[in-house]
Every structure is written in structure tokens, then in C-alpha cells.
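2 protein chains.
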Amino acid sequence: MSLLVVGTVAFDAIETPFGKTDKIIGGAATYASLAASYFTQDINLVSVVGDDFPQATIDQLNEHGIRTEGLQIKKGEKSFFWAGRYHNDMNTRDTLATELNVLMTFEPVIPESYQDCTFLMLGNLMPSIQMKVMQSLREHPKLIVMDTMNFWMETAMDDLMKAIAMVDVLTINDAEARQLSNEYSLVKAAQKILKMGPKYLIIKKGEHGALLFNKEQVFFAPALPLEDVFDPTGAGDTFAGGFIGYLARTKDVSFENMKRGIIFGSAMASFCVEKFGTERIINLDQEEVESRVQEFVDLVQFDITLV
Amino acid sequence: MSLLVVGTVAFDAIETPFGKTDKIIGGAATYASLAASYFTQDINLVSVVGDDFPQATIDQLNEHGIRTEGLQIKKGEKSFFWAGRYHNDMNTRDTLATELNVLMTFEPVIPESYQDCTFLMLGNLMPSIQMKVMQSLREHPKLIVMDTMNFWMETAMDDLMKAIAMVDVLTINDAEARQLSNEYSLVKAAQKILKMGPKYLIIKKGEHGALLFNKEQVFFAPALPLEDVFDPTGAGDTFAGGFIGYLARTKDVSFENMKRGIIFGSAMASFCVEKFGTERIINLDQEEVESRVQEFVDLVQFDITLV
Numbered sequence: 001m002s003l004l005v006v007g008t009v010a011f012d013a014i015e016t017p018f019g020k021t022d023k024i025i026g027g028a029a030t031y032a033s034l035a036a037s038y039f040t041q042d043i044n045l046v047s048v049v050g051d052d053f054p055q056a057t058i059d060q061l062n063e064h065g066i067r068t069e070g071l072q073i074k075k076g077e078k079s080f081f082w083a084g085r086y087h088n089d090m091n092t093r094d095t096l097a098t099e100l101n102v103l104m105t106f107e108p109v110i111p112e113s114y115q116d117c118t119f120l121m122l123g124n125l126m127p128s129i130q131m132k133v134m135q136s137l138r139e140h141p142k143l144i145v146m147d148t149m150n151f152w153m154e155t156a157m158d159d160l161m162k163a164i165a166m167v168d169v170l171t172i173n174d175a176e177a178r179q180l181s182n183e184y185s186l187v188k189a190a191q192k193i194l195k196m197g198p199k200y201l202i203i204k205k206g207e208h209g210a211l212l213f214n215k216e217q218v219f220f221a222p223a224l225p226l227e228d229v230f231d232p233t234g235a236g237d238t239f240a241g242g243f244i245g246y247l248a249r250t251k252d253v254s255f256e257n258m259k260r261g262i263i264f265g266s267a268m269a270s271f272c273v274e275k276f277g278t279e280r281i282i283n284l285d286q287e288e289v290e291s292r293v294q295e296f297v298d299l300v301q302f303d304i305t306l307v
Numbered sequence: 001m002s003l004l005v006v007g008t009v010a011f012d013a014i015e016t017p018f019g020k021t022d023k024i025i026g027g028a029a030t031y032a033s034l035a036a037s038y039f040t041q042d043i044n045l046v047s048v049v050g051d052d053f054p055q056a057t058i059d060q061l062n063e064h065g066i067r068t069e070g071l072q073i074k075k076g077e078k079s080f081f082w083a084g085r086y087h088n089d090m091n092t093r094d095t096l097a098t099e100l101n102v103l104m105t106f107e108p109v110i111p112e113s114y115q116d117c118t119f120l121m122l123g124n125l126m127p128s129i130q131m132k133v134m135q136s137l138r139e140h141p142k143l144i145v146m147d148t149m150n151f152w153m154e155t156a157m158d159d160l161m162k163a164i165a166m167v168d169v170l171t172i173n174d175a176e177a178r179q180l181s182n183e184y185s186l187v188k189a190a191q192k193i194l195k196m197g198p199k200y201l202i203i204k205k206g207e208h209g210a211l212l213f214n215k216e217q218v219f220f221a222p223a224l225p226l227e228d229v230f231d232p233t234g235a236g237d238t239f240a241g242g243f244i245g246y247l248a249r250t251k252d253v254s255f256e257n258m259k260r261g262i263i264f265g266s267a268m269a270s271f272c273v274e275k276f277g278t279e280r281i282i283n284l285d286q287e288e289v290e291s292r293v294q295e296f297v298d299l300v301q302f303d304i305t306l307v
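Heads up: the protein sequence lines correspond to chains A and B, in order.
According to this note's numbering, the first sequence is numbered sequentially starting from 1.
According to this note's numbering, the second sequence is numbered sequentially starting from 1.
The hints are simulated quantities; they were obtained by calculation from the structure and are not laboratory data.
Careful: at least some of the hints might be erroneous.
One copy or two, it doesn't matter: identical chains are merged, so the pair holds either way.
As the list claims (entries may be wrong) - Below, in silico cross-link-like pairs of lysine-lysine (DSSO-like), each with a Cα-Cα straight-line distance of 27 Å or less:
#1 199 <-> 132
#2 275 <-> 215
#3 275 <-> 188
#4 195 <-> 142
#5 215 <-> 162
#6 275 <-> 192
#7 188 <-> 20
#8 259 <-> 142
#9 195 <-> 20
#10 205 <-> 275
#11 195 <-> 259
#12 205 <-> 188
The structure presented is a predicted model; accordingly, all values stated were derived computationally and were not measured.
With the rest of the complex left out, here is chain A (with noise of 0.2 Å):
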């Protein structure tokens, strides 16, 4: 009853109008199983690293319960590394750096030991590897959460059909949305999006919280409002590693379950922008992760009888 978590564990360096770091640790499964791990400590990663990445971090993660055996640490190669500047207004951004380095090579291998995969999360990565993920596996998960991104529309598109139609739930951003299904409105994209195959698609909106659809029914949920949103960086994959760590934990992928998934998902995510990078998710207790889901309860429950 495992929860596999692949996709990228990297270096970023990131400017906002709050401050600006030196080479420090992200990637999208960095964020997801650390997001993940407050609610369940059976999480197996598989990515790829240079040996320029420290041991220091690595053993951060195992001591969340995230087992390291399927992530590959490559010898005289670098990790992948990004660096990015936000602006004013966080919702835009501009990527100063892009070096794949490791990622060039990256063939996923899955650990005989990983095998009792019940729920997985494919964090963005080239949609031919997420793919070669799934057909990896010898049984198929209870839940496959896929994120992906606007680049591989552009660049593989044929491939990103595919394995969108391989997964139960798709997580991408409205813009994303958009551009996948050619649809102005949400609601109709979302429409187009899942007759691609997935049963759900959320639809991740930054600042203006996320919608959950399946073919009947719509959720939404707020994002938090913050005094400051000091660096969005990682806020989608905490988002989504919340979420499926979650639904890993409750063992119950019912719309009523993904429901609750999707607040904690958030609470996650508006820890994440608090602080620099994974800063204020790497340690964070229980205490405070219930006292900021009953901040979103507080935010967004009301109580109408209709006659």
C-alpha cells in the first residue's frame, strides 16, 4: 500500500521582489513527497541527481519516511538545475536558467521493493518517461495522479495524449487548461479535457485556489488569503503531494474523499509560499498542519438551510 512519487529532485535558484537565494534544494518530487509524508511514511521516490547533491538532504527525506532506494545518484554529473525570477505580482515569472544536466539520460528504473505501488504521482516530467512509469508497474494502481505542464503541449503532444489517457487524475493550471483543450471557459475545458481520458481533472489556479472536476460534479477550493506570498516556487507539486498523500492515507478515492484531499492539498501548498523553497514544509508538525486546514474550514464553510 505504497505511494510511489517520481519526478524531479533538483536545485533551483529564485528571485522575488522578498529576496533571492543561491543554489537550493527543489524539484517537483522533492516538494511532493515532503508534502506527502505529513500523511503517510510509506512513500518510495524514484528521480535522478549528479553527485554534486548533498547526502545531507537525502537523509532529510528518509527520515520523513521517504525511501531514496529508486533515486539515482549519477557520478560526475550535475543535478538539474533552474534558476527564475518572479514578479510583482507572483502569478508570472521568468526563467533565467534551465540546465537538465541528469535529466538528459533519465531512463526511471522502479525497485523490485516499490512494486506494491497502490497510488502514484507523476510529477511534470517528458510525458514518454511518466509513460514508461505506468507501463513499469506489474499491477495497476489504485490512483495515478499525473502533473504536467504547457511545454509538453508544445513539444510532445502525441506522447502527452497518450499518457494523459493512462492516468485517473490530471492536475494543470488554468492556463494549461486552456491551451490543452482550446477552450476559453473552464467549465468547458474541462469538459473537452476529460473525455482524454483521465475520470478527474483539477485545475490549479494559484492564488485563486483550484477546481476539482469529474464528469458530473464540480469542487473549489479557496487558496488562502496570506499577508504575503513570499515564493510561489513548489506550491502546485506541495499542492498535489497533500492531495494524494491524503487520499494514501484514507485509502479512498471516492469525489467525497478527493474533496477533502483537495483542502489539505492546499493547506499544504499555502505553508509551501511562506518561505523560500521547501524551507517551511521540511518541518512542520501535526498541530500545525489541522490548525491551518480549520483556517480554510473557517474560510469557506457557511451555513444555508433551504427550504
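Keeping the supplied structure of chain A fixed, place chain B upon it in accordance with the hints.
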């Protein structure tokens, strides 16, 4: 125990990606009073039109329980007219024409029969006029809700600040909240604006919903995800009308009840944008309103029990 609505009654000409209208009925007070009429039949309107304004429309307002003794009809003059064109995203628009006409010399007069005003909705108008209305009431209403816009922040800031200090609930959009407070974070903006006098602040975010703040609490309601937003004109006024109409019906101005008011207001606004102008909100029935509110309940309600 009546609701007084003061604001424009006007003509609009609207272009959206879906079509284009000739002169149709518009105006903040028209939208707000129509929306409120689904909750209370005790509504008094104060506004001004020219003798080009159709008696049939005034009759329609009366049929909705909206008294028009305070609607001045200026002989030989023309009604306020606004023309605008919406862009594809419906969040931005160009003003094509603004003909103030009767508004240029508008002096609101509160008829004696309106002096039992318990709830006051001040639609967007020159702040000095909004103040004059408040000063004309012999007894202080139970609740004053005021809408305004960026134009007055640029041209009549001193008067605007005085008017704001006199109201209970201020409604503005997110860009206006940022402009008024000089803060990008809406949480910080709200803190600053609440120090200017109002007890409550509603920040309208269009398709991204609305936030209600007081000094200690915050509530968020999404906009209903719609297949198409046909025409956003009047949505904010319809929202405000539904909000204060619901409060006037229930005579309860607690934060908890304001949450419900926000949901009813959002439901009314979701109807408004489905057709041009007031077309959709002029002929609703109670069942439609309740079933729309149920859609909001289904959209945001979840059930999390924290340990």
C-alpha cells in the same frame, strides 16, 4: 424596515465576444434593486433619468416591489448612457462612451415616505452625493453598504475617504482595494481599509469570487464556474443587491449571516452574467434562486472532522 437603494438608472450599449446590444436598460441601482427584490418587497429607489427613459421599465421595477417615488424624471433631458466593449477574457473592458446627461446635476432627494430606511445600498456615484444621501436620513440605518470605483480614488479622494468612514460595508474590486490601500496583498489591503472606517470590507474578484473581511475574520465565496460568461455588466451591483436584500429580509447583520448574504449575492450575480443586461435577473423565480444557491453549497462544502 425598508431597503433604500441609491444609484444610477441608465442606458448601456454593450459589446462582448458573444454579441452586441443597442441601448438597453442598465445602471447600478437597477441591478441592485432587482437583485434585492428576490428577498424583500420593501425597496425604495432614489435615482434620476431623463424623459427618454421608458415608463414600461419603471412599471417593471414597481412590479418587483421597487417604489420609484424617489426616481426623478427630468423633462427634456437624457438619461445617463454608458457604452463599453469587453475583451475575450471578460475581465477587461474599454469604455466607448460615457454621457453623464442627467447625472451632471443630480441632487438626490429622499422622499418623506422613504425615511423609515433600515438598510441603505449606495451604488457607485460621486462620493459627495453618497455622503449627501447619508446626511439626508433622519435616523441612522441599521446597515449602510457602499460601492465605489477607482475613478473617485483618482478625482475625489478626500470626499471618498469621508464617505468611506461613514459606512458599515464597503464593496470594491481587487484592483481598487490595491489602489486604495497601496498594498498588493489583499489581506494587508483589507487591514488598511478597515482602519479607514468601515466595519466590513467586501473585495469582489469577478470570476475569482469575493472575500468578506472584518478585523478578525475572513470569508471567501467563489464565483460559480459557468460554461460561458455572456456579459459581466452589472454583476457587481447584482451581487451587492442580493447581499443587502438577503440581510434586509433576515434583519440579521452578524458576520455569520453576511456569509449567507455573500452566497445569495454570488448566486444572483451568476444569473446576471448569463445574458445581456438585466435580461436574466428580471424574470427569475424562487425555485431557480434556491437551486442556484444549492449549486454553491455543492461547489464548496466539504466535510472534514479534525481530531
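Is it within a copy, between copies, both, or neither that the alpha carbon of residue 215 lies no farther than 27 Å from that of residue 162?
-> Classified as within; 20 Å inside a copy, 51 Å across copies.
Classify it for me, residue 195 with residue 20: is the Cα-Cα distance of at most 27 Å met within a copy, between copies, both or neither?
-> Classified as neither: same-chain Cα gap 42 Å, cross-chain 33 Å, threshold 27 Å.
Could you figure out if residue 275 and residue 192 sit no more than 27 Å apart (CA to CA) within one copy, between two copies, both or neither?
-> between (36 Å within a copy, 24 Å between copies)
Using 27 Å as the alpha carbon limit, work out where residue 275 and residue 215 are close: within a copy, between copies, both or neither.
-> Answer is between: at 25 Å across copies they meet the 27 Å cutoff, but 37 Å inside does not.
Since the copies are identical, ignore which copy is meant and state whether residue 259 and residue 142 lie within 27 Å (CA to CA) inside a copy, between copies, both or neither.
-> Intra 17 Å, inter 38 Å, cutoff 27 Å: intra-copy only.
Between copies, within a copy, both or neither: which fits residue 188 and residue 20 at Cα up to 27 Å?
-> between (39 Å within a copy, 23 Å between copies)
Alpha-carbon proximity context of residue 205 and residue 275, limit 27 Å = Result: close both inside a copy and across copies, 20 Å intra and 26 Å inter.
When no copy is named, should residue 195 and residue 259 be tagged within, between, both, or neither for a Cα gap of at most 27 Å?
-> within (21 Å within a copy, 36 Å between copies)
Checking residue 199 and residue 132: alpha-carbon separation at most 27 Å within a copy, between copies, both or neither?
-> within (20 Å within a copy, 57 Å between copies)
Copy assignment of residue 195 with residue 142, given that the CA separation must stay at most 27 Å | within (20 Å within a copy, 52 Å between copies)
Residue 275 and residue 188: within-copy, between-copy, both or neither at 27 Å Cα | Answer is between; shortest inter-copy Cα gap is 18 Å, intra-copy 35 Å.
Please work out whether the CA atoms of residue 205 and residue 188 approach to 27 Å or closer within one copy, between two copies, in both situations, or in neither?
-> Both. Shortest intra-copy (16 Å) and inter-copy (21 Å) distances satisfy the 27 Å Cα cut-off.
Checked against the numbered hints above, the structure breaks only hint 9 and satisfies the rest.
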